[in-house]
Amino acid sequence: MLGFILRRAGLVIPTFLGITVLVFALIHMIPGDAVEALSGERGMDPARYARLVHEFGLDRPLYVQYLDYLGQVLRGNLGASISTHEPVLSEFLTLFPATLELSFCAMLLALLVGLPAGILAAVKRNTFLDYTVMGVSLTGFSMPIFWWALLLILLFSVTLGWTPVSGRIDILYDFPPVTGFMLIDSLLSGDAGAFKSALSHLILPTIALGTIPLAVVARMTRSAMLEVLREDYVRTARAKGISRLRVITIHALRNALIPVVTVIGLQVGTLLAGAILTETIFSWPGIGKWLVYAIQRRDYPVVQGGILLSASIIILVNLSVDILYGVINPRIRRST
Amino acid sequence: MSESTLTEMPGSAEATSASDAPPHPLRELMRYFFQNRGATVGLAVVCVLVLLALFADWVAPHSATEQFREATLAPPVWQDGGSSKFILGTDPVGRDMLSRLIYGTRLSLLIGFVSVSLSLSLGVVLGLLAGFFRGVTEIAIMRLMDVMLALPSLLLAVAIVAILGPGLINAMYAIGIVMLPHFARLTRAAVIGEMAKDYVNSSRIAGAGTLRLMFICILPNCAAPLIVQATLGFSNAILDAAALGFLGLGAQPPTPEWGSMLASALEFIQSAWWVVTFPGLAILISVLAFNLMGDGLRDALDPKLKQ
Numbered sequence: 024m025l026g027f028i029l030r031r032a033g034l035v036i037p038t039f040l041g042i043t044v045l046v047f048a049l050i051h052m053i054p055g056d057a058v059e060a061l062s063g064e065r066g067m068d069p070a071r072y073a074r075l076v077h078e079f080g081l082d083r084p085l086y087v088q089y090l091d092y093l094g095q096v097l098r099g100n101l102g103a104s105i106s107t108h109e110p111v112l113s114e115f116l117t118l119f120p121a122t123l124e125l126s127f128c129a130m131l132l133a134l135l136v137g138l139p140a141g142i143l144a145a146v147k148r149n150t151f152l153d154y155t156v157m158g159v160s161l162t163g164f165s166m167p168i169f170w171w172a173l174l175l176i177l178l179f180s181v182t183l184g185w186t187p188v189s190g191r192i193d194i195l196y197d198f199p200p201v202t203g204f205m206l207i208d209s210l211l212s213g214d215a216g217a218f219k220s221a222l223s224h225l226i227l228p229t230i231a232l233g234t235i236p237l238a239v240v241a242r243m244t245r246s247a248m249l250e251v252l253r254e255d256y257v258r259t260a261r262a263k264g265i266s267r268l269r270v271i272t273i274h275a276l277r278n279a280l281i282p283v284v285t286v287i288g289l290q291v292g293t294l295l296a297g298a299i300l301t302e303t304i305f306s307w308p309g310i311g312k313w314l315v316y317a318i319q320r321r322d323y324p325v326v327q328g329g330i331l332l333s334a335s336i337i338i339l340v341n342l343s344v345d346i347l348y349g350v351i352n353p354r355i356r357r358s359t
Numbered sequence: 316m317s318e319s320t321l322t323e324m325p326g327s328a329e330a331t332s333a334s335d336a337p338p339h340p341l342r343e344l345m346r347y348f349f350q351n352r353g354a355t356v357g358l359a360v361v362c363v364l365v366l367l368a369l370f371a372d373w374v375a376p377h378s379a380t381e382q383f384r385e386a387t388l389a390p391p392v393w394q395d396g397g398s399s400k401f402i403l404g405t406d407p408v409g410r411d412m413l414s415r416l417i418y419g420t421r422l423s424l425l426i427g428f429v430s431v432s433l434s435l436s437l438g439v440v441l442g443l444l445a446g447f448f449r450g451v452t453e454i455a456i457m458r459l460m461d462v463m464l465a466l467p468s469l470l471l472a473v474a475i476v477a478i479l480g481p482g483l484i485n486a487m488y489a490i491g492i493v494m495l496p497h498f499a500r501l502t503r504a505a506v507i508g509e510m511a512k513d514y515v516n517s518s519r520i521a522g523a524g525t526l527r528l529m530f531i532c533i534l535p536n537c538a539a540p541l542i543v544q545a546t547l548g549f550s551n552a553i554l555d556a557a558a559l560g561f562l563g564l565g566a567q568p569p570t571p572e573w574g575s576m577l578a579s580a581l582e583f584i585q586s587a588w589w590v591v592t593f594p595g596l597a598i599l600i601s602v603l604a605f606n607l608m609g610d611g612l613r614d615a616l617d618p619k620l621k622q
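Respectively, the protein sequence lines represent chains U and W.
Numbering (this note's numbering) for the first sequence: 24 to 359.
Numbering (this note's numbering) for the second sequence: 316 to 622.
One or more of the hints may lead you astray.
Chain W residues, not near chain U, derived (Cβ > 10 Å throughout) [claimed, not checked]: (1) Phe370; (2) Val392; (3) Asp395; (4) Ser432; (5) Glu453; (6) Leu469; (7) Ile475; (8) Val591; (9) Leu599.
Stretch-level coverage of chain W by chain U, calculated; a stretch enters the list once three of its residues show a Cβ under 8 Å from a Cβ in chain U [as the list claims (entries may be wrong)]: (10) 405-413; (11) 455-464; (12) 491-501; (13) 550-558; (14) 576-588.
Quick partial rundown of chain W residues pointing at chain U, CB under 8 Å, derived from the structure [unchecked claim]: (15) Pro467; (16) Ser468; (17) Leu470; (18) Ala474; (19) Ala477; (20) Ile478; (21) Tyr514; (22) Val515; (23) Gly595; (24) Ile598.
Worth flagging that the hints you see were computed from the coordinates, not collected in a lab.
For glycine and all other residues, C-beta sits at the position ideal for the given N, C-alpha and C.
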């Protein structure tokens with residue numbers, strides 16, 4: 024088992040190095056260099072320019088610059104934001120819990136609705152219910168989520184006035200951040216109103232961000248269930264007189280869940296991409312909004328560091344899914 | 316098909332048509348495709364979109380950029396204060412929504428076409444090289460593709476646009492690059508599958524050169540998954556382009572691109588629902604149509620599901 028984990032973890036290293044090369048290359052493809060960006064519109068005299076280029080090490084060969092960058096990254100130094108002068112890593116760590124909280128709730132919604140919907144559609148195959156679930160999930164899958172978020176705001180915030188439009192919590196409430204997760208922190212503060220406010224701020228972004236994973240989970244669960252329900256052991260179990268409900272939930276579902284777990288792992292990327300749009304619309308102070316702002320302000324250290332960190336998280340999640348998969352299914356553990 | 320197998324002699328199961336020859340593959344494909352109601356609807360919508368895009372100059376009632384200053388934010392025709400001059404109303408500077416949406420179709424399909432062609436051609440070449448030569452070439456190409464896949468598509472696209480600068484053309488490049496790994500991986504897998512077959516060996520023995528083997532012998536046999544992926548790629552491209560436009564990184568105003576139309580109308584969400592609703596609906600409908608079509612094609616091309 025340990026060998027399996029180590030082998031899988033070993034595969035991650037070249038991917039991570041590849042990402043650092045990619046991010047390094049992206050920034051070097053920007054027209055103009057850091058010195059030109061500093062000098063602004065007024066320009067700079069050539070002597071000073073040459074001195075600064077030397078000072079920043081931009082006159083060294085590219086591979087030396089890359090190795091230097093890689094060394095900095097491995098020591099946890101991702102540079103500082105141009106606009107706030109804060110280290111990129113600490114900004115990321117401050118904002119990440121907000122994105123994590125939102126993504127977690129979105130995934131929870133996707134599972135709580137998507138799994139039962141997929142199971143129902145598979146069990147009631149080719150009925151009106153099946154067609155409805157599949158139609159709705161294909162629509163959800165095709166949904167431009169930034170528009171979907173606007174429609175939700177239009178209906179629930181503007182017309183009905185049920186939920187707030189933006190932010191994580193009402194500015195009335197002030198309590199020390201303990202975990203960075205607003206729901207938990209507001210509970211810890213002991214103020215019921217604060218918790219209610221945090222919850223109501225979370226609802227619409229959760230729906231907007233959770234829609235695509237929900238559709239994917241529902242579709243995947245349905246097709247995995249259909250596959251499993253055809254198996255002999257399901258028929259055997261039924262023939263032995265076990266109730267239909269028990270066969271579906273115990274015998275079939277457990278095996279159908281294996282591909283679904285993979286899909287859930289893959290959705291982490293979707294969630295991070297979706298966070299870029301959702302957070303921008305709901306002014307949710309997470310890394311998605313942070314990245315968009317950084318791009319608009321041409322704050323390249325933040326763009327570079329943010330992309331590297333997001334990609335690292337995705338790699339780590341995929342690694343955990345891989346390992347988890349091996350734990351669930353011994354055949355995979357042995358074959359690789 | 317099942318009825319005919321019951322009534323006719325065994326061995327001529329496929330003989331619903333007059334001759335004994337099996338139906339032409341294309342005809343069979345079409346039969347399976349059109350059995351799928353969703354796929355048929357998807358194809359029909361795509362055809363309408365293509366026609367709208369081609370004949371936008373004749374179909375659109377007004378120009379996409381003409382500003383009717385006396386009629387800013389006019390509601391759609393069925394609502395109080397709406398006029399038949401502007402069927403879907405006007406935007407904050409008095410441009411006709413319907414005309415802008417129709418011209419937007421042209422842009423969205425163009426974005427889809429350019430970025431899919433870009434990633435398809437590059438991806439096919441990379442996949443062929445990897446699958447054909449294996450070894451170091453394969454490792455180098457596929458590792459790079461894995462790295463690109465580790466980044467969420469929109470994040471990578473946003474990063475590329477951030478480097479290249481915002482704009483429609485750069486958005487197309489970005490989306491094309493982002494989709495590249497999917498095509499490369501599909502092609503490689505299909506090529507490796509084909510390489511083991513006898514016809515490849517016999518062509519090689521007959522003296523076919525490397526390029527001929529790659530592009531004329533093997534590639535056509537790998538077309539099925541690529542066609543499906545290309546169709547689904549269209550919907551991804553339209554969606555991502557709209558998202559980039561919405562973030563202000565894609566098409567720039569006054570270009571009638573659906574995503575940027577949405578973004579520029581945001582502040583009017585409370586007073587004029589139509590400026591926000593219709594562009595999004597246009598995106599949804601076209602993405603849905605391509606997805607339906609892609610799903611239908613996949614089912615029709617996948618022999619496992621035909622039984």
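Results for each hint:
1. Listed as a non-interface residue, Phe370 of chain W keeps its Cβ farther than 10 Å from every Cβ of chain U; the least gap is roughly 25 Å.
2. Listed as outside the interface, Val392 of chain W is consistent with that label: its C-beta sits roughly 21 Å from the nearest C-beta of chain U, beyond the 10 Å cut-off.
3. The non-interface label for Asp395 of chain W is consistent with chain U: the shortest C-beta to C-beta separation is roughly 18 Å, beyond 10 Å.
4. Residue-level check passed: Ser432 of chain W sits 22 Å from the nearest beta carbon of chain U, beyond 10 Å.
5. Listed as a non-interface residue, Glu453 of chain W keeps its Cβ farther than 10 Å from every Cβ of chain U; the least gap is roughly 14 Å.
6. Against chain U, the non-interface label of Leu469 of chain W is violated: not every CB pair exceeds 10 Å, the least being about 4 Å.
7. The Cβ of Ile475 of chain W sits about 7 Å from the closest Cβ of chain U, inside the 10 Å cut-off, so the non-interface label is violated.
8. A beta-carbon of chain U comes within 10 Å of the beta-carbon of Val591 of chain W; the shortest separation is about 5 Å.
9. Not every CB of chain U lies more than 10 Å from the CB of Leu599 of chain W, the least distance being 6 Å, so the non-interface label is violated.
10. Judged by the Cβ-Cβ criterion of 8 Å, the region 405-413 of chain W is not covered by chain U as claimed, because only 0 of its residues qualify and three are needed.
11. Counting residues of the region 455-464 of chain W whose CB lies closer than 8 Å to any CB of chain U gives 5, so the stated coverage by that chain holds, three being the minimum.
12. Remark: the region 491-501 of chain W is not confirmed as covered by chain U, as 0 of its residues place a Cβ nearer than 8 Å to a Cβ of that chain, below the required three.
13. With a cut-off of 8 Å between beta carbons, the region 550-558 of chain W has 4 residues touching chain U; three or more are needed, and the interface restraint holds.
14. Given as covered by chain U, the region 576-588 of chain W passes the check, having 5 residues with a CB less than 8 Å from a CB of that chain where 3 are the minimum.
15. With a cut of 8 Å, the hint placing Pro467 of chain W at the interface with chain U holds, because the nearest CB-to-CB distance is about 4 Å.
16. Among the interface hints, the one on Ser468 of chain W holds; its C-beta lies about 6 Å from the nearest C-beta in chain U, closer than the 8 Å criterion.
17. Restraint check, Leu470 of chain W versus chain U: the minimum CB separation of about 5 Å is within 8 Å; hint holds.
18. Evaluation of the Ala474 of chain W hint against chain U yields a held restraint, the C-beta minimum of about 5 Å falling below 8 Å.
19. For the restraint placing Ala477 of chain W at the interface with chain U, the shortest Cβ-Cβ distance is roughly 4 Å, inside the 8 Å limit, so the hint holds.
20. Given the 8 Å rule on beta carbons, the hint for Ile478 of chain W holds: about 5 Å separates it from the nearest Cβ of chain U.
21. Using the Cβ-Cβ criterion of 8 Å, the hint placing Tyr514 of chain W at the interface with chain U is not satisfied: the shortest such distance is roughly 31 Å.
22. Because the smallest distance between the Cβ of Val515 of chain W and any Cβ of chain U comes to about 28 Å, over 8 Å, the interface hint for this residue is violated.
23. Nearest Cβ of chain U to the Cβ of Gly595 of chain W: about 3 Å, under the 8 Å cut. The hint holds.
24. For Ile598 of chain W, the suggested interface contact is upheld, since its CB lies about 5 Å from the closest CB of chain U, less than 8 Å.
Checked against the numbered hints listed earlier, the structure breaks hints 6, 7, 8, 9, 10, 12, 21, 22; every other hint is satisfied.
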